[in-house]
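Undergrad: Numbering (numbering that gives the first Met the number 0), first residue to last: 0 to 324.
Take the hints with a grain of salt, since some may be wrong.
In silico lysine-lysine, DSBU-like type, Cα no more than 30 Å apart, as pairs [as the list claims (entries may be wrong)]:
id: 1; residue 1: K215; residue 2: K239
id: 2; residue 1: K111; residue 2: K99
id: 3; residue 1: K239; residue 2: K191
id: 4; residue 1: K205; residue 2: K191
id: 5; residue 1: K81; residue 2: K122
id: 6; residue 1: K214; residue 2: K81
id: 7; residue 1: K122; residue 2: K99
id: 8; residue 1: K37; residue 2: K191
id: 9; residue 1: K37; residue 2: K205
id: 10; residue 1: K81; residue 2: K111
id: 11; residue 1: K214; residue 2: K239
id: 12; residue 1: K212; residue 2: K191
id: 13; residue 1: K215; residue 2: K81
id: 14; residue 1: K99; residue 2: K81
id: 15; residue 1: K205; residue 2: K215
id: 16; residue 1: K239; residue 2: K205
id: 17; residue 1: K212; residue 2: K239
id: 18; residue 1: K81; residue 2: K239
id: 19; residue 1: K122; residue 2: K111
id: 20; residue 1: K191; residue 2: K214
Derived DEER-like restraints, expressed as beta-carbon distance ranges [to be verified]:
id: 21; residue 1: H95; residue 2: I277; range: 34 to 42 Å
id: 22; residue 1: R302; residue 2: E119; range: 39 to 47 Å
id: 23; residue 1: G317; residue 2: K215; range: 40 to 48 Å
FYI, nobody ran anything at the bench for these hints, they're computed from the structure. As the structure is a computational prediction, the values presented were derived from the model and not from experiment. A virtual CB, placed ideally from N, CA and C, is assigned to each residue, including glycine.
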Amino acid sequence: MPKPRKMQVSLDATPYYHCTSRCVRRAFLCGFDTVTNKDYEHRRQWVEDRIHLLAEVFCVDVCAYAVMSNHLHLVLHINQHKASTLSDLEVCQRWHRLYKGTLLTQQFEQGKALTQAELEAVKARIEVWRAQLHDISWFMRALNEPIARMANAEDNCTGSFWESRFTSQALLDEKALAACMAYVDLNPVRAKMAATPEDSEHTSIKLRVAQVKNKKQQPTTLYPFVGNPRQPMPEGLPFKLADYLELVDWTGRVIRANKRGAINADLPSILSRIELPITEWLTLATQFEQSVSTFAGSERAIRLAAEVLGYKKTPGVGLARRLFA
Numbered sequence: 000m001p002k003p004r005k006m007q008v009s010l011d012a013t014p015y016y017h018c019t020s021r022c023v024r025r026a027f028l029c030g031f032d033t034v035t036n037k038d039y040e041h042r043r044q045w046v047e048d049r050i051h052l053l054a055e056v057f058c059v060d061v062c063a064y065a066v067m068s069n070h071l072h073l074v075l076h077i078n079q080h081k082a083s084t085l086s087d088l089e090v091c092q093r094w095h096r097l098y099k100g101t102l103l104t105q106q107f108e109q110g111k112a113l114t115q116a117e118l119e120a121v122k123a124r125i126e127v128w129r130a131q132l133h134d135i136s137w138f139m140r141a142l143n144e145p146i147a148r149m150a151n152a153e154d155n156c157t158g159s160f161w162e163s164r165f166t167s168q169a170l171l172d173e174k175a176l177a178a179c180m181a182y183v184d185l186n187p188v189r190a191k192m193a194a195t196p197e198d199s200e201h202t203s204i205k206l207r208v209a210q211v212k213n214k215k216q217q218p219t220t221l222y223p224f225v226g227n228p229r230q231p232m233p234e235g236l237p238f239k240l241a242d243y244l245e246l247v248d249w250t251g252r253v254i255r256a257n258k259r260g261a262i263n264a265d266l267p268s269i270l271s272r273i274e275l276p277i278t279e280w281l282t283l284a285t286q287f288e289q290s291v292s293t294f295a296g297s298e299r300a301i302r303l304a305a306e307v308l309g310y311k312k313t314p315g316v317g318l319a320r321r322l323f324a
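Produce the complete structure using the sequences and hints provided.
TA: Right, dumping it as structure tokens:
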């Protein structure tokens, strides 16, 4: 039986989650449908534009994404600290970029005079929004609902567009995070939609490479790479960007060549740092969803997360021993 979202997401366990949404209809989310001869490729841009907008509004950082033909992948980081440091006005302004809010919150944002009772009502509403701004369920809702409405209007139909709200997997350590991000960034390469990661349209890896090449800086709407763990540790992904790009490029070449281990002499240094053997890495980078269920990480990390979330039976221990030993 599927677990409720509150038993899958806990900041005490990890702030990183892999989320996936899939279409319920046979018709494509994006791409060209050879059966109906309809081209839905423009919908990729709908999704990507919405992801970047939500990254600016929510206190949920986007680590990686890939928009495929009938599904999308996201690796998200819940930034509760960022939400807690926003002023009431900042919370209000962010929420109003997506939703109308109430008459009182609109007046509050405009700086109009309010009574004490009205201010208390606004304060209560803003605290609800503050919590929702670092909630991945609200992030995915704000992503999926508008896309569904636009697609239904274009298809001249009604009903469910997405298979379910979304699925999520908790990424409990660096190994799981790196493997999942590479899995997401390499989706188009595995699907033979692109020859190289940097040519993969509507993916985070393409955006990162383009920004670094053209502007010599990381994209502002993606969670930045800040280097290997150290003290004090700045906010961001615990890897070097160059190491990660090298890792994804190397993995992509192995996938295309279909020769696992053929270029072991050129193993990226990041694999040595996170102590993940080549065979386990390739399994995770190409079969992450099939290999992992609710939790991804070491056996110790999974047992701790299961205890925090109140699981009676610890899921995925056998896989953890095999893949994250």
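Undergrad: Hints first: check each against the structure and report whether it holds.
TA: Here's how the hints hold up against the structure:
Between K215 and K239, the direct Cα distance comes to roughly 15 Å. Compliance with the 30 Å bound is thereby established for this hinted pair. For the suggested pair K111 and K99, the alpha carbons sit about 17 Å apart, so the restraint of at most 30 Å is met. Simply put, K239 and K191 have alpha-carbon atoms about 27 Å apart, close enough for the 30 Å limit, and the pair holds. Simply put, K205 and K191 have alpha-carbon atoms about 16 Å apart, close enough for the 30 Å limit, and the pair holds.
For the hint pairing K81 with K122, the CA-to-CA distance comes to about 18 Å; that is within 30 Å, so the pair holds. Restraint check for K214 and K81: satisfied, since their Cα atoms lie roughly 26 Å apart, inside the 30 Å limit. Of the supplied pair hints, the one linking K122 and K99 holds, its CA atoms being roughly 16 Å apart against a limit of 30 Å. Under the criterion of a C-alpha separation no larger than 30 Å, the hint pairing K37 with K191 is consistent with the structure, at around 20 Å.
A distance of roughly 26 Å separates the Cα atoms of K37 and K205; the hinted pair therefore holds under the 30 Å criterion. Taking the CA atoms of K81 and K111, the gap is about 27 Å. The hint holds against a cut of 30 Å. Among the hinted pairs, K214 with K239 is consistent with the structure: their alpha-carbon atoms are about 18 Å apart, no more than 30 Å. Distance check on the hinted pair: K212 and K191 sit about 24 Å apart at the alpha-carbon level, within 30 Å; holds.
At most 30 Å may separate the alpha-carbon atoms for a hinted pair to count; K215 and K81 meet this at roughly 26 Å. For the given pair, K99 sits about 23 Å from K81 by alpha-carbon distance, which is consistent with the 30 Å threshold. Restraint check for K205 and K215: the C-alpha separation of about 14 Å stays at or below 30 Å, so the hint holds. A distance of roughly 17 Å separates the Cα atoms of K239 and K205; the hinted pair therefore holds under the 30 Å criterion.
About 16 Å separates the Cα atoms of K212 and K239, which keeps this hinted pair within 30 Å; it holds. For the suggested pair K81 and K239, the alpha carbons sit about 22 Å apart, so the restraint of at most 30 Å is met. Note on K122 and K111: the hinted pairing holds, with a Cα-Cα distance of about 15 Å set against a maximum of 30 Å. Distance restraint check for K191 and K214: the Cα-Cα separation of roughly 29 Å lies within the 30 Å cut-off, and the hinted pair is therefore satisfied.
Distance hint check: the CB atoms of H95 and I277 are about 49 Å apart, inconsistent with the given range 34 to 42 Å. Checked against the hint of 39 to 47 Å, the C-beta distance between R302 and E119 comes to roughly 44 Å, which is consistent with it. For the hinted restraint 40 to 48 Å between G317 and K215, the CB-CB distance of approximately 45 Å keeps it satisfied.
The structure shown violates just one earlier hint, number 21.
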